[in-house]
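Please take these sequences and the hints and turn them into a complete structure.
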Amino acid sequence: MSEVRDFVHKVVPDWCPGCGDFGLLAGLKKALPGVELEPNEVMLVSGIGCSSNLPGFINTYGMHTLHGRALPVAQGFKLANHKMTVIAVGGDGDGYGIGVGHLVHAMRRNIDMTYIVMNNAVYGLTTGQTSPTSGLRMKTKSTPFGNPELPINPLTLALGSGCSFVARVYTGHVTQLVDVVQKAIRHQGFALVDAFSPCVTFNKINTHDFFKTNVKDINKLGYDSSDIHAAFREAAREDYIATGIFYQKERPCYEATEEETLHVPLIDHELGLSEEDQAQLMAEFI
Amino acid sequence: MDRKSTFETEAEERVRKSKALVSAITVRFAGDSGDGIQLAGDQFADTTAVMGNDFATLPDFPAEIRAPVGTLPGVSSFQIQFSDSIIFSPGDLADVLIAMNPAALKVNLAQVKKKGLIVVNGSVFNEPNLKKAGWKTNPLEDATLRDFQILNVPLSALTQTALKDQPLKLSEVERCKNFFALGMVFWLYSRSRDHTVEWIKKKFAKRPEIVNANLRALEAGYNYADMTEVMPVQYEVKQAALEPGTYRKITGNEATAIGFITGARLANKTMFYGSYPITPASNILHDLARHKNYNVKTFQAEDEIAACGAAIGASFGGELGVTATSGPGLCLKAESVNLAVMAELPLVVIDVQRAGPSTGMPTKTEQADLLQVMFGRNGESPIAVVAPKTPSDCFQMALEAVRIALKYMTPVVFLSEGNIANAAEPWKLPELDRLPKIEVNHPSAGKGPFLPYARHPETLARPWEVPGTRGLEHRIGGLAKADLTGNVSYDPENNQRMVEFRARKIARIANDIPEATIDGPESGRLLILGWGGTYGVIYEAVRNLKREGITVSHVHLNYLNPFPKNLEKILGQFEHVLIPELNMGQLLFLIRARYPKVNASGLNKVQGQPFQTKEIEEKIKSIW
Chain A
2 MSEVRDFVHK VVPDWCPGCG DFGLLAGLKK ALPGVELEPN EVMLVSGIGC SSNLPGFINT
62 YGMHTLHGRA LPVAQGFKLA NHKMTVIAVG GDGDGYGIGV GHLVHAMRRN IDMTYIVMNN
122 AVYGLTTGQT SPTSGLRMKT KSTPFGNPEL PINPLTLALG SGCSFVARVY TGHVTQLVDV
182 VQKAIRHQGF ALVDAFSPCV TFNKINTHDF FKTNVKDINK LGYDSSDIHA AFREAAREDY
242 IATGIFYQKE RPCYEATEEE TLHVPLIDHE LGLSEEDQAQ LMAEFI
Chain B
283 MDRKSTFETE AEERVRKSKA LVSAITVRFA GDSGDGIQLA GDQFADTTAV MGNDFATLPD
343 FPAEIRAPVG TLPGVSSFQI QFSDSIIFSP GDLADVLIAM NPAALKVNLA QVKKKGLIVV
403 NGSVFNEPNL KKAGWKTNPL EDATLRDFQI LNVPLSALTQ TALKDQPLKL SEVERCKNFF
463 ALGMVFWLYS RSRDHTVEWI KKKFAKRPEI VNANLRALEA GYNYADMTEV MPVQYEVKQA
523 ALEPGTYRKI TGNEATAIGF ITGARLANKT MFYGSYPITP ASNILHDLAR HKNYNVKTFQ
583 AEDEIAACGA AIGASFGGEL GVTATSGPGL CLKAESVNLA VMAELPLVVI DVQRAGPSTG
643 MPTKTEQADL LQVMFGRNGE SPIAVVAPKT PSDCFQMALE AVRIALKYMT PVVFLSEGNI
703 ANAAEPWKLP ELDRLPKIEV NHPSAGKGPF LPYARHPETL ARPWEVPGTR GLEHRIGGLA
763 KADLTGNVSY DPENNQRMVE FRARKIARIA NDIPEATIDG PESGRLLILG WGGTYGVIYE
823 AVRNLKREGI TVSHVHLNYL NPFPKNLEKI LGQFEHVLIP ELNMGQLLFL IRARYPKVNA
883 SGLNKVQGQP FQTKEIEEKI KSIW
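Here the protein sequences line up with chains A and B, keeping their order.
Position one of the first sequence corresponds to residue 2 (this note's numbering), numbered consecutively onward.
Position one of the second sequence corresponds to residue 283 (this note's numbering), numbered consecutively onward.
It should be emphasised that the hints constitute simulated quantities derived from the structure, not laboratory data.
Worth double-checking, as some hints may not be accurate.
Calculated pairs, EDC-like style, for lysine to aspartate or glutamate (alpha carbon to alpha carbon, straight line, at most 20 Å) [what the hints assert, rightly or not]:
1. B:Lys574 <-> A:Glu277
2. A:Lys11 <-> B:Asp773
3. B:Lys719 <-> A:Glu259
4. B:Lys414 <-> B:Asp377
5. B:Lys574 <-> A:Glu259
A few chain B positions that, by computed beta-carbon distances, are all more than 10 Å from chain A [what the hints assert, rightly or not]:
6. Gly316
7. Ala596
8. Phe657
Glycine is no exception: its CB is placed at the ideal position from the N, C-alpha and C atoms.
See the structure below:
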């Protein structure tokens, strides 16, 4: 049995003090032993951005890929080695901006993995430009007169793309975060967790105080997470900010529909050039 | 079938026919892209393989699946040269052209030898078709074709007559005319129909009426040629003296697919093939997708970037990651390839080059991605590059790409070309148990901390650990890596050291690849230096010139990065080096940069078409 300390890595995060990402890192370290995972059983894949540095701060297998490209690498990894629990992480610019094409396809493809997007509604690492989730008219370095674009709604995007597990958390509420992340990991299929993770340096609107005041855990309100219409309603509402599991419906994941090659992970396939194989291969050649 | 029923008159007046033995023949089929030209050509090539000739093919088709019927852009062609001796090129000009319509005649007339035979489908040489093809007058009725032997055969009408009692729609009958034409050509070159008969039966097994119609058209065409007086001579090309063994016809993309399956097997690895459809690489995906029984996992990604990223993920997972594309897709993959450079993971990138820039001419060939694969990434980013030189050579070079990627933990580009991908030649099946195994070692947990960037003293490759192993948890990525630990590092000295390590690792591959060999004298006035798919035409040009008393040498490169160790020495033995390439001088650029003392010049062509032997010969003569 693993414990939180098994996941502690000696590299200290270089995030700004107060960054919402600390909450996610703490929650993740807590969530993993709770779902009986050992450090060697977890693969964390990230893109580029402040939040994507997370795999460097936790003791598991990890890969820090390219801006927007965590999901392709994570999916290829999972298909090759699907005994591992694969968790992709990144920010809103990474996942909802440059990498959103991959996200849509990953959600409909439904490979068994979890994707956590630390959403701070701003580009932090590049010092504060408007992001795909920045509010309309929000003033940033790149939009000094206000953001002219409507923000993306990652939850309705996910619901419309066939995502089989759609959730949102605020990283300051660690108990809820741990619970939702554990359910996302246990979910058989692609799970999206949109995690509000305030940027204390560049976003003075969506602050810790803002989220503490405005979020409401819908799972505590007798909400039915199998109802996709209700999920769309909650995801689109403007009177409060809903968090929790909006929608969960198990459907055969990609690995199950590709059973002929994936009933055992690729890396465990019996290989080598046996005489039988050789004869068969030669026959194929002709 | 009973010949008499269809061609009674001809049979009665049957002329005496003679048979002539020839050494090599070039046949060109041409028609609308919906006329089944590639299919007829493939069948002719298959039969030629079965009959033991050496051969090489040149398929050429439009990018549009069905361009407007009867127009010049819609013309598809297939050329094949077959011989009783070893050949590597599809021939320059055709001895015989089969033109299914006026547009096909217009586009292909320049590709026929003077006095050559042109078989035209006279049924469709009418006013509207002539106009669509841009003929002002009917070439069958004026002096346009006076330098050729013309055989005006109403292919459509004869096919209709032969199939008049078949339960088919007229449009279906019309589609059988390619088999009528094929039957005629089979007769002309004394080919057996058996292979095609079997193929038709198998291919259309679910529609017996189509089987019957096609068989009948094939037979009718054969008998027509046998009996008509305008084809007085039947030709024969003896078997070529190929090495003993079992042969099959193979295209470059087929050999690529089989090569990577075999390479993965030899390395005891499953292959993960991430791909996005792109001409002319797509049929590698089709071939591999139906070979799941050999532990191939194909993954059609949402885009080129994801295809490459997924292959990298699979490589980190412990499998052989392969991705394939053509030039435009390679642009998109560049950033991902660089991730594999920094993470030092095995990855094979297949680039089947096509004519660029941008979308260019998707179905036409070129060799203009060489500098892109060498330098088209940010930072100091050396990777290995190999290039097959003929369709069947794709098999051998695929094994090499796998071996180098796994042994040196590096991306390897397998630089194929449209012309190799679709062209076919006979291939001698390898003896699989003689192929050397590719050794892969995965480390197990030791006592100390795991060092993912501790290098092999000889190859400088880092260890390839399989995630999941307890005690080997580690993190890699695209940020600069500290020596040994692989932790993120901004240390100036460390970065210098790591950049140099990666460069030396690639350079050391030169110790592990065959030296270049010279066809011809080891020193002299002129060396022809080629790479990739120009092999056949250079080989034949050099051979032809030798008969004329002009002796030049030929070196052909399969390894473009690093170059073979002895290349500099070889180049130094010649007064002049000529580099023919289907680009504006990319290998020339590399050779001049690397070996500035070498007196090199280029022969360059960017028309979407391969060189003709004649073009190489003329250039050699001009500088001889």
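Find the nearest Cβ of chain A to the Cβ of glycine 316 of chain B and say whether that gap is larger than 10 Å.
holds, 31 Å
Hint consistency between lysine 11 of chain A and aspartate 773 of chain B [alpha-carbon to alpha-carbon, up to 20 Å]
Distance of about 19 Å is within 20 Å: holds.
Do the alpha carbons of lysine 719 of chain B and glutamate 259 of chain A lie within 20 Å of each other, as the hint requires?
Since the Cα atoms of lysine 719 of chain B and glutamate 259 of chain A sit roughly 29 Å apart, the hinted pair is violated (cutoff 20 Å).
For alanine 596 of chain B, which was marked as not at the interface, is the minimum beta-carbon distance to chain A over 10 Å?
Violated: least Cβ distance 4 Å, not greater than 10 Å.
Between lysine 574 of chain B and glutamate 277 of chain A, is the straight-line Cα distance small enough, at 20 Å or below?
Status holds; Cα separation ~16 Å.
Holds or violated: lysine 414 of chain B and aspartate 377 of chain B, Cα atoms, limit 20 Å.
The given pair, whose Cα atoms are some 26 Å apart, is violated under the 20 Å limit.
Separation of phenylalanine 657 of chain B from chain A, once the least beta-carbon distance is taken, above 10 Å:
For phenylalanine 657 of chain B, whose nearest Cβ neighbour in chain A is about 19 Å away, the distance exceeds 10 Å, so it holds.
With the threshold set at 20 Å, check whether the alpha-carbon distance from lysine 574 of chain B to glutamate 259 of chain A stays at or below it.
Within the cut-off at roughly 10 Å; holds.
Against the hints set out earlier in the document, violations occur for numbers 3, 4 and 7.
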